[in-house]
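*Asks:* As given, the protein sequences belong to chains C and R, one line each in that order.
If you're matching positions, the first sequence starts at 134 in my numbering and goes up one per residue.
If you're matching positions, the second sequence starts at 101 in my numbering and goes up one per residue.
Rather than coming from a laboratory, the hints here were simulated on the basis of the structure.
Keep in mind that the hints are not guaranteed to be accurate.
[As the list claims (entries may be wrong)] Now the stretches of chain C that chain R is said to cover, found in silico as 3 or more residues with beta-carbon under 8 Å: (1) 172 to 182; (2) 239 to 245.
[Claimed, not checked] In silico EDC-like cross-links for lysine to aspartate or glutamate, where the CA-CA straight-line distance does not exceed 20 Å: (3) C:Lys190 / R:Asp171; (4) C:Lys144 / R:Glu141; (5) R:Lys151 / R:Asp171; (6) C:Lys148 / C:Glu236; (7) C:Lys190 / C:Glu147; (8) C:Lys150 / C:Glu201; (9) C:Lys150 / C:Asp189; (10) R:Lys195 / R:Asp171; (11) R:Lys170 / R:Glu154; (12) R:Lys195 / C:Glu201; (13) R:Lys151 / R:Glu194; (14) C:Lys150 / C:Glu236; (15) C:Lys190 / C:Glu177; (16) R:Lys195 / C:Glu147; (17) R:Lys151 / C:Glu177; (18) R:Lys170 / C:Glu177; (19) C:Lys144 / C:Asp157; (20) R:Lys195 / C:Glu218; (21) R:Lys170 / R:Glu194; (22) C:Lys190 / C:Glu201; (23) R:Lys195 / C:Glu153; (24) C:Lys144 / C:Glu236; (25) C:Lys148 / C:Asp196.
[Said to hold, decoys possible] Residues of chain C placed beyond 12 Å of chain R at every Cβ, according to the derived structure: (26) Ser142; (27) Lys144; (28) Val145; (29) Glu147; (30) Arg155; (31) Ser160; (32) Gly161; (33) Thr163; (34) Ala187; (35) Gly192; (36) Arg197; (37) Gly204.
For each residue, glycine too, the CB sits at the ideal point set by N, CA and C.
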Amino acid sequence: GAGVSQSPSNKVTEKGKDVELRCDPISGHTALYWYRQSLGQGLEFLIYFQGNSAPDKSGLPSDRFSAERTGGSVSTLTIQRTQQEDSAVYLCASSLGAGVSNEQFFGPGTRLTVL
Amino acid sequence: GQQLNQSPQSMFIQEGEDVSMNCTSSSIFNTWLWYKQDPGEGPVLLIALYKAGELTSNGRLTAQFGITRKDSFLNISASIPSDVGIYFCAGQREKLTFGTGTRLTIIP
Numbered sequence: 134g135a136g137v138s139q140s141p142s143n144k145v146t147e148k149g150k151d152v153e154l155r156c157d158p159i160s161g162h163t164a165l166y167w168y169r170q171s172l173g174q175g176l177e178f179l180i181y182f183q184g185n186s187a188p189d190k191s192g193l194p195s196d197r198f199s200a201e202r203t204g205g206s207v208s209t210l211t212i213q214r215t216q217q218e219d220s221a222v223y224l225c226a227s228s229l230g231a232g233v234s235n236e237q238f239f240g241p242g243t244r245l246t247v248l
Numbered sequence: 101g102q103q104l105n106q107s108p109q110s111m112f113i114q115e116g117e118d119v120s121m122n123c124t125s126s127s128i129f130n131t132w133l134w135y136k137q138d139p140g141e142g143p144v145l146l147i148a149l150y151k152a153g154e155l156t157s158n159g160r161l162t163a164q165f166g167i168t169r170k171d172s173f174l175n176i177s178a179s180i181p182s183d184v185g186i187y188f189c190a191g192q193r194e195k196l197t198f199g200t201g202t203r204l205t206i207i208p
């Protein structure tokens, strides 16, 4: 597709279950970012992949959060043993490369609700 | 994580009015960005600022990169219904740090 796509668009889960969120970046974009947006808040950086470099995981809030990027394209964000405070919109973005001159294009997000 | 101080939190205006919002930080940034987010969508970049003191326009939008590199403002002139949404500032060093957002509502 032409833009960043994410699936599912909505996910409702029970506390304690694991969830996987998927991001398909724009073709050819080497940089991929995950953000979390809690209700009424700005975006909070979670993790960043750039090419074959080791990912920058400095924004992950706990060890229950992890992400992979397979083959330099699709990425999966996994949240284990979900808690109610994990409820938020999870946004993925991609850019041609790293650095300030490369615009990040955002997907529509996955709205996660933990009951 | 850190978020930038953005004000006002919300604005209720009439169509045709001008809008002004700003963002401040305790840290210096090399780049300031302004995004707009519509319901159910991700943010879309409106304006990017790369130099302290820079004033940039994009149609009815004007933004400035503060001279101290710790603040930025966004003005929207002659607002129209499609301006409704949430506006976010973001400062960038390596990663983006976002403001808390300004929700713009146009009163009929």
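*Asks:* Each hint should be assessed against the structure and marked as holding or not.
*Replies:* Evaluated hints:
By the rule of at least three residues with a Cβ nearer than 8 Å to a Cβ of chain R, the coverage given for the segment 172 to 182 of chain C holds, with 7 such residues. Only residues whose beta carbon comes within less than 8 Å of a beta carbon in chain R count, and the segment 239 to 245 of chain C has 4; three or more means the coverage holds. Note on lysine 190 (chain C) and aspartate 171 (chain R): the hinted pairing is violated, with a Cα-Cα distance of about 27 Å set against a maximum of 20 Å. For a cut-off of 20 Å, the pair hint linking lysine 144 (chain C) to glutamate 141 (chain R) stands: about 16 Å separates their Cα positions.
For the proposed pair lysine 151 (chain R) and aspartate 171 (chain R), the alpha carbon gap of about 12 Å is at most 20 Å, so the pair holds. Taking the CA atoms of lysine 148 (chain C) and glutamate 236 (chain C), the gap is about 36 Å. The hint is violated against a cut of 20 Å. Taken as a hint, the lysine 190 (chain C) and glutamate 147 (chain C) pair is broken in the structure, with Cα atoms around 26 Å apart against an allowance of 20 Å. Only pairs whose Cα atoms come within 20 Å are accepted, and lysine 150 (chain C) paired with glutamate 201 (chain C) is accepted, the gap being roughly 19 Å.
Between lysine 150 (chain C) and aspartate 189 (chain C), the direct Cα distance comes to roughly 25 Å. Violation of the 20 Å bound is thereby established for this hinted pair. For the given pair, lysine 195 (chain R) sits about 17 Å from aspartate 171 (chain R) by alpha-carbon distance, which is consistent with the 20 Å threshold. With a C-alpha separation of about 13 Å, the suggested pair lysine 170 (chain R) and glutamate 154 (chain R) falls inside the 20 Å cut-off, and the hint holds. Among the hinted pairs, lysine 195 (chain R) with glutamate 201 (chain C) is consistent with the structure: their alpha-carbon atoms are about 19 Å apart, no more than 20 Å.
This hinted pair checks out: lysine 151 (chain R) and glutamate 194 (chain R) have alpha carbons roughly 16 Å apart, not beyond 20 Å. A hinted pair counts as satisfied when its Cα atoms are at most 20 Å apart, and lysine 150 (chain C) with glutamate 236 (chain C) does not qualify at roughly 35 Å. Proposed proximity of lysine 190 (chain C) and glutamate 177 (chain C) is supported: the alpha carbons are some 12 Å apart, at most 20 Å. For the hint pairing lysine 195 (chain R) with glutamate 147 (chain C), the CA-to-CA distance comes to about 32 Å; that exceeds 20 Å, so the pair is violated.
Proximity of lysine 151 (chain R) to glutamate 177 (chain C) is assessed by CA-CA distance (about 24 Å); at most 20 Å being required, the pair is judged violated. Of the pairs offered as hints, the one joining lysine 170 (chain R) and glutamate 177 (chain C) holds, with about 19 Å between alpha carbons and a cut-off of 20 Å not exceeded. Distance hint between lysine 144 (chain C) and aspartate 157 (chain C) is fulfilled; the C-alpha atoms sit about 17 Å from each other, no more than 20 Å. For the hint pairing lysine 195 (chain R) with glutamate 218 (chain C), the CA-to-CA distance comes to about 24 Å; that exceeds 20 Å, so the pair is violated.
The straight-line distance between the Cα atoms of lysine 170 (chain R) and glutamate 194 (chain R) is roughly 16 Å, inside the 20 Å bound, and the hint therefore holds. Distance check on the hinted pair: lysine 190 (chain C) and glutamate 201 (chain C) sit about 11 Å apart at the alpha-carbon level, within 20 Å; holds. Only pairs whose Cα atoms come within 20 Å are accepted, and lysine 195 (chain R) paired with glutamate 153 (chain C) is rejected, the gap being roughly 24 Å. Between lysine 144 (chain C) and glutamate 236 (chain C) the alpha-carbon distance is near 28 Å, which puts this suggested pair outside the 20 Å criterion.
For the proposed pair lysine 148 (chain C) and aspartate 196 (chain C), the alpha carbon gap of about 16 Å is at most 20 Å, so the pair holds. Residue placement check: serine 142 (chain C) does not keep its beta carbon more than 12 Å from all beta carbons of chain R (closest about 8 Å). For lysine 144 (chain C), the non-interface assignment is confirmed: its Cβ lies about 15 Å from the closest Cβ of chain R, beyond the 12 Å cut-off. Even its closest Cβ contact with chain R, about 16 Å, leaves valine 145 (chain C) beyond 12 Å, as expected for a residue assigned away from the interface.
The Cβ of glutamate 147 (chain C) sits about 24 Å from the closest Cβ of chain R, beyond the 12 Å cut-off, so the non-interface label holds. With a closest Cβ-Cβ approach of about 15 Å to chain R, arginine 155 (chain C) is found to remain outside the 12 Å limit, as its non-interface label requires. Every Cβ of chain R is farther than 12 Å from the Cβ of serine 160 (chain C); the closest lies at roughly 17 Å, confirming the non-interface assignment. The beta carbon of glycine 161 (chain C) sits about 18 Å from the closest Cβ of chain R, which is more than 12 Å, so the claim that it is off the interface holds.
Threonine 163 (chain C), annotated as away from the interface, keeps every beta carbon of chain R farther than 12 Å; the closest lies near 15 Å. Listed as outside the interface, alanine 187 (chain C) is consistent with that label: its C-beta sits roughly 14 Å from the nearest C-beta of chain R, beyond the 12 Å cut-off. Not every C-beta of chain R lies more than 12 Å from that of glycine 192 (chain C), the closest at about 6 Å, which undercuts listing it as non-interface. Residue placement check: arginine 197 (chain C) keeps its beta carbon more than 12 Å from all beta carbons of chain R (closest about 16 Å).
For glycine 204 (chain C), the requirement that its beta carbon stay farther than 12 Å from each beta carbon of chain R is met, with the minimum near 23 Å.
In terms of the numbered hints stated before, the structure departs from hints 3, 6, 7, 9, 14, 16, 17, 20, 23, 24, 26 and 35, listed from lowest to highest.
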